[in-house]
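2 protein chains.
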Amino acid sequence: MKVTETLACFAAGFDLSSAPGEVRHQAVRSLVNWAGCALGGAAHPAVARAWQAFQPFMGIGRASVLGRPGRVDAPHAALLNGISSHVLDFDDTHLGTLVHPSGPVLSALLALAQHQPMEGRRFVDAMIVGIEVECRVAQGVCPEHYDMGWHVTGTAGGFGAAAAVGRALGLDEQRMAWALGIAATQAAGLREMFGTMCKSLHPGRAAQGGLGAALLAQAGFTSSTQAIEAPRGFAHVLSRQPHLADTVERLGERWALSTNSFKPYACGVVIHPIIDACLALRQQPGFDAREIASVSMQVHPLVLELTGKTAPCTGLEAKFSVFHAAAIALVQGVSNVGQYTDEATQLPAVVALRQRIEAHVRPDIREDEVHLAVTFTDGRTVEYHVDHALGSIERPMTDDDLSAKFLALADGVLPAHQVRTALDGCWRVEGLPDVAALAEHMTPA
Amino acid sequence: MKVTETLACFAAGFDLSSAPGEVRHQAVRSLVNWAGCALGGAAHPAVARAWQAFQPFMGIGRASVLGRPGRVDAPHAALLNGISSHVLDFDDTHLGTLVHPSGPVLSALLALAQHQPMEGRRFVDAMIVGIEVECRVAQGVCPEHYDMGWHVTGTAGGFGAAAAVGRALGLDEQRMAWALGIAATQAAGLREMFGTMCKSLHPGRAAQGGLGAALLAQAGFTSSTQAIEAPRGFAHVLSRQPHLADTVERLGERWALSTNSFKPYACGVVIHPIIDACLALRQQPGFDAREIASVSMQVHPLVLELTGKTAPCTGLEAKFSVFHAAAIALVQGVSNVGQYTDEATQLPAVVALRQRIEAHVRPDIREDEVHLAVTFTDGRTVEYHVDHALGSIERPMTDDDLSAKFLALADGVLPAHQVRTALDGCWRVEGLPDVAALAEHMTPA
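Those protein sequence lines, which keep their order, are chains A and B.
So the first sequence is numbered by the numbering used here: it starts at 1 and just counts up by one.
So the second sequence is numbered by the numbering used here: it starts at 1 and just counts up by one.
Next comes chain A alone, as it looks inside the complex (with noise of 0.2 Å):
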C-alpha cells in the first residue's frame, strides 16, 4: 500500500471547494481556539525561556509570537507559537487518536505566512489538508502508538505542518512525498515528558520540523517516498501494530476536522461534566457556595484514573483534580485558566470544599457524562445530571462560546483594541488578502 504517495497525491492536489462547508468552518473555529491558546499561553515561561534559549542565533525577525512584542524568524515563530499554545493544555484534540492538531500546524502555517504573501483562502486550504495529513497518519498507528508512550501530537504533528507548509508552498506530488519523509525521520515526542516544559516542546518541534522539512523538499532535499509504510519506515518502528488502511480510507471523503473538539475548560477533559453539573447548578436561584455541605458525585472510571488529586499544590497539578476543579468552580462559577494556577490551588473557600467532595466510580457512566448530587447545611440537596459535556461532539462549543474563550485568553494580553480586530480577523480569514495582517492584529506593539 503507497501510503506515503496516496497522501503526497491528496495534500499536492487538493481542492477547497471539495471539501464540505462543514468542514471549512470547522478550520476556522480551530484557527479562533488555537490563537486563543497561543494568546493566553504567551506569558508562560517556557515560552519565555524557550526564547531566551534562541535569541542569539535568530535570523531577521518577521514573524509574530503571537501575545508578545518583538519579531522572529519563522521557524523560531513555529516553534515559539508551538509552545504557547499548547503549555495550558487548552487546545483542539482529534478524538479517536488524542491528536491535538492545531498547535504544529497552524504555528508553521502562521510563520510561513508572515514569511511570503499568502491570502486567507490559501491558508484554510493548506490548513485544512495539514490537519488531516496529521490526523490520518495518527489514525494509522494509534491507539498502539500513543500506548507505547509517543506524544502524538509531537511524532504526528511534523506530518502536519509539512503538509500544511507543503501544500501553501505548492511542492508537487514528488517533493510533497519527500517534504513527508523528512517529516517521519524527525518525528519524536515521549509521553514522559508529561509534566514537564518537554510536554509543549513537542508542538513546538513539530512545528518547527515540519516547516523545515518542506523548506527541505522545495529545495530538492531527497527522502524516502515509502516513509510511513516502509518495513524500517515510520509505522512499523513506532507502532507495534500499524493499520495503515485506516490512515488512507475515503481520504478526502471522510474529514478529521469533523471530530476535532475544542475544551470549554481549562483541565483534563474528563472533569468538564463535571464543571458543566457545577456551573449549571450555581444558576438555581439562592445558591451560595458557602452553604454546602457536601458534594457526590458518580463519575465515569478514568475520572479518578486521571484527575484523582485531592489536595494539589501547582497548577498543573490542578488541572488533573477533579475535586479542586468542581470547588472552585462552584465558588468562582467560571473555569478558566486563571482557576488552575498555583495561587487558586491555596484559596481557602477552595480548599475548604473541596475536602467535602466525594466521587464515586460508576462504569455504566460514560466520559461526557456525570451524575452530581449537592447536599446544602440546611438539608437541602439539589442534583444534576449532564448527558454530554459542553465540548463534546453531541455537545460541541457554539462559534460564540469559542469567542468568548478567546477573548478570556486575549484579555490583558493584548491592547484592548486589537483584541476584537483579531478575533474578527480569525473569523473571517477565509476572506483576507493577506493573512499576515492576522499575525499583526494579535501582536503587542
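For the record, the hints were derived by calculation from the structure and aren't laboratory data.
Please read all numbers here as calculations on a predicted model, not as lab measurements.
Glycine included, C-beta positions come from ideal geometry on N, C-alpha and C.
All the given hints hold, so there is nothing to weed out.
Facing chain B, according to a computed beta carbon distance under 8 Å, are these residues of chain A, among others:
1) 52
2) 73
3) 220
4) 224
Based on these hints, arrange chain B on the given structure of chain A.
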C-alpha cells in the same frame, strides 16, 4: 536505576585529567578524521540544498560550514556540518553500537566554539564527554534498537551533542539532566532513509537538536530527569529490550573512544579487507591490471549480503559494491572519494574488470579478513591473505594514515596554504587558546 542522573553527574563532573592519554589522543584523532570528512563532503548537493532551504531564516553568521565560504549561525552550522561529515559515509564508527559518534558531537561543539570563546583543552574535555554519553546511551539499547529500524547515530547522537555542549557551557547536574531529557524527547532517525539525503540529515539534526537541548536547559527549560530509563522514556519506547546496566557500567573507567574506528576507504566497511588485499597485490613487481584474467575472493557472508551489487550505476551504489571497489582499487591503486562517483562506475577498464571478479562466501572468514587470488592472462596466480583490515581495532589507521586521509579530502576544498595549517591545528587542538581559530583555518576565504 538512575541512568539519566548518573550520566548527567558524569558529564557535569568530568575531570579531563582522569581520562587516559590514549583516550585523549583518540579524541584528537577523531577530530582529524571528522574534519577531513566534513571538508570532503562540503560540496555535496545535500549540504548546498539544506543551506539554501534555511538561508532566509539564518541569524547573524559567525560559525563556519567547513570547506564552504560564508558564515551561518551556530545551530545551522551544527546542522550543516553534521550533514557534510556523514554524507560520504566516510566518518568514524563506534564498534559495537554502529554509532558514528563524531558527527553529532563535533558539529555542535565547534559551532558553539565559534559563538563563545573556548580553549582547546575545554573542547577536548567536552568532546570526550559527548562521545562517551552518546555511545553509552546506544549501548543500553543496541543492537535491538538498530534492528528495530532506528538509525542510532540520529537517536543517540542528540544525547552526545547535548552532553558535549552542556559540558562546555558548564551546566550543573540538574540542567545537564534536563539537557539529556530534551535530547531524549527529540531522538529520531529511521533506517528507511538510507540511500537518500536524509541519512546524513540524521547527524545534522542530532547536532542541531543537541545544541538546542543544552541551550534550552541552560535557560531553565525543564524536562524529565528519568528521560532514559522511565517506562515511557527513551529506552523502553525506542527499544524492545533495553539493558541499561550497559549504559552505566564502569562509566569513567572504560571509554567509548577506545573502540572508535576510522575508515581508510570511502566505501562500506566490510569491503575494506578486500581493498587492502588489492592494493597490496598491486605493489608486486610487474603488476598490470590489464593482464588480469580473473579474481577470486573468499569473504565473510556479510560482504555479499551488504555489498553484493554487481553493476552499480551511481556513486552511492558503488560504495556498496564489492566488485566495483575491488576493480577500481586494482585499476587505479586508490580507494578514495573519487573512486565512488557516478562517473567512476562507468569507466571501461573498471566495468570490464569487475565482471571478472567472483566472491565466495566462507563462514570461517572473519569480517575484517579476506583471501584473494588473482590469475593473470599468462597463467600465473598470485594469492594474498589479509588477517585484519586496515582500520580495525587490531590494525588501526596510524596518525600518518589519518593525516593522509585528511589531506586527500581537503585537497581542492581549502586553499592549499590553509590545508596544512588546518591539519596541524587539529592535531594540536588541546593546546589552542581559542578553538574558533581552527574553524577559521577550515573555511575558505
